[in-house]
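2 protein chains.
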Amino acid sequence: MSNLLNSFIQTNQPLIEETLLGLIKDIKAPQPLKDAMLYSLQAGGKRIRPLYTLAVLKELDYQNEDALIVASTIEMIHTYSLIHDDLPAMDNDDLRRGKPTNHIVFGEALAILAGDALVTIAFGIIARLQNISPQLKVDLIEKLSFSAGAEGMVGGQVLDMLGEGQTLTLEQLEEIHVNKTGALLSYSILAGAIIANVPGEIMSALKKYASHIGLAFQIQDDILDVEGTSEQLGKTAGKDLKSEKNTYPSILTIEGAKKELQNQYNQAFQALENVQMHNGLLVEFANYITKRSK
Amino acid sequence: MSNLLNSFIQTNQPLIEETLLGLIKDIKAPQPLKDAMLYSLQAGGKRIRPLYTLAVLKELDYQNEDALIVASTIEMIHTYSLIHDDLPAMDNDDLRRGKPTNHIVFGEALAILAGDALVTIAFGIIARLQNISPQLKVDLIEKLSFSAGAEGMVGGQVLDMLGEGQTLTLEQLEEIHVNKTGALLSYSILAGAIIANVPGEIMSALKKYASHIGLAFQIQDDILDVEGTSEQLGKTAGKDLKSEKNTYPSILTIEGAKKELQNQYNQAFQALENVQMHNGLLVEFANYITKRSK
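The listed protein sequences correspond, in order, to chains R and V.
By the working numbering, the letter at position 156 of the first sequence is numbered 156, and the numbering carries on one by one without gaps.
By the working numbering, the letter at position 208 of the second sequence is numbered 208, and the numbering carries on one by one without gaps.
Source of the hints: derived by calculation from the structure; they are not laboratory data.
Worth double-checking, as some hints may not be accurate.
Treat identical chains as interchangeable: a pair holds within one or across any two.
What the hints assert, rightly or not - Calculated cross-link-like contacts (lysine-lysine; reagent style DSS-like; alpha-carbon spacing at most 27 Å):
| hint | residue 1 | residue 2 |
| --- | --- | --- |
| 1 | K258 | K25 |
| 2 | K245 | K34 |
| 3 | K34 | K259 |
| 4 | K143 | K99 |
| 5 | K58 | K258 |
| 6 | K294 | K25 |
| 7 | K28 | K245 |
| 8 | K28 | K207 |
| 9 | K58 | K245 |
| 10 | K207 | K143 |
| 11 | K28 | K58 |
| 12 | K28 | K208 |
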């Protein structure tokens, strides 16, 4: 990891942790519900999504007091999706980031409700921000809703379920991932652009960059599931293969997947180059995403 | 039911059905997910919440082209909460409004995701409306989020779970219901007031009215569980008693519950009287809520 990116992450990760904690600890809700929400929020994720929002703003040299909060709401949505994905009726995972999953600790009912509470509060938190205009808040909420919902993440999750046990084409696999992982990751990049109210040309470039990074992220995830160890990943490695899940390596071979990863990286880089944003944090972030080991 | 209210419901219920269908059928999402969302949306509820929003607007003599859509998003949130409440890990209900529950028809995983999709899309639909100002949309979204989330409906659901098998005080029971049922029902009344951008005095009166109606609705629900038949209710009657659930009749006796219902009705009526809104639809609605037989 470059010094630039490393120092950016070291600075901002603790701020995100602090913001997430602050947003939940003051709400007037039953303590067990808050505990369940906080347990998964504080289970030690990499915070890639909120960091991405902040990285875009830093790259654009734009400051806004509410940026950290907007960034943190994306982590809430991501966390809710993990809690629900891990449920017995879904992926039935006992372990997430090396710790027992939410329903293992709090029981299924509270895990479902903690997820529900996280997705619901995210929109309200954006709505009540003081330093972003109503029009931009509405824009953030609209994009977040459609990225996270039936037309995005939830839809991708359904496609993924429907595809289990079937042999998919590369196109079908891509459709799953563009929605399941790509949509929210892309939103985290666009959220920064929305807050900064960038001109159309920059928005288009960042959209293109975001869509390639969204796919690259998932391809690397699939590669790691084959090549990583459970210890590195903090979750059961090799699970995709065992469950006969369609992945980039299973469709393209591991070499083909790596080639496709490089292809997505190149296109993301190209998008940045077109608007002279290829010398800073965003290209570092693209490197990080495509070369991470967990 | 009065002619005024009856004709209002007969006119608006089909419009709500049509709006709900229209909002879901055009989204770009996997068909099984849309089917699961539509199944529960179209399972024949009374549409009390969206009707209430429209009733407030009619009473205020205020027209807005997006009112039906705002009203319908409340029904989406209500429907998602029913789908999740019915899950095996929660209330484990097989029957809802006389039909098999969502997870019985579509399986647990899709039921969880259909609920997730409904709550998520509601906020995006409000955000993209064309005929309401950004400031009022933000206001609607903020209030909806907090009414539906950890500080409202979801929090009430958790309190309800935690109270099971315990003997609660009337105060504790009220806290559960103010959140679990009252918050979203109250929001449906306030949503009309927000759209019409009413002056503070009217807003305060409607807030007071809304909070008493929210409780009255739940008290009548508890009374119906004792006195109604399964056929009337479209769900298993007497279930509260069997599961040793705390209800108004169990704490206050059935006569005490009826007295408390009348008390809440009187206070709701008083709030309307204070702003000369006690001769129309809203008092009819209060009558309907407190005297309904299902």
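Against the structure, the hints come out as follows:
1. K258 x K25: neither (42 Å within a copy, 38 Å between copies)
2. K245 x K34: Between copies only: 24 Å across chains, 34 Å inside a chain, cut-off 27 Å.
3. K34 x K259: neither (44 Å within a copy, 35 Å between copies)
4. K143 x K99: neither (31 Å within a copy, 35 Å between copies)
5. K58 x K258: neither (30 Å within a copy, 61 Å between copies)
6. K294 x K25: neither (29 Å within a copy, 39 Å between copies)
7. K28 x K245: Close across copies (24 Å), not inside one copy (41 Å); limit 27 Å.
8. K28 x K207: So K28 and K207 pass the 27 Å test across copies only (19 Å; inside, 37 Å).
9. K58 x K245: This pair counts as neither: shortest intra-copy Cα distance 38 Å, inter-copy 54 Å.
10. K207 x K143: within (12 Å within a copy, 31 Å between copies)
11. K28 x K58: Neither, since 34 Å and 34 Å both go past 27 Å.
12. K28 x K208: Cα proximity of K28 and K208: across copies only (20 Å, versus 40 Å in one copy).
In summary, the structure is inconsistent with hints 1, 3, 4, 5, 6, 9, 11 from the numbered list given earlier, while agreeing with the others.
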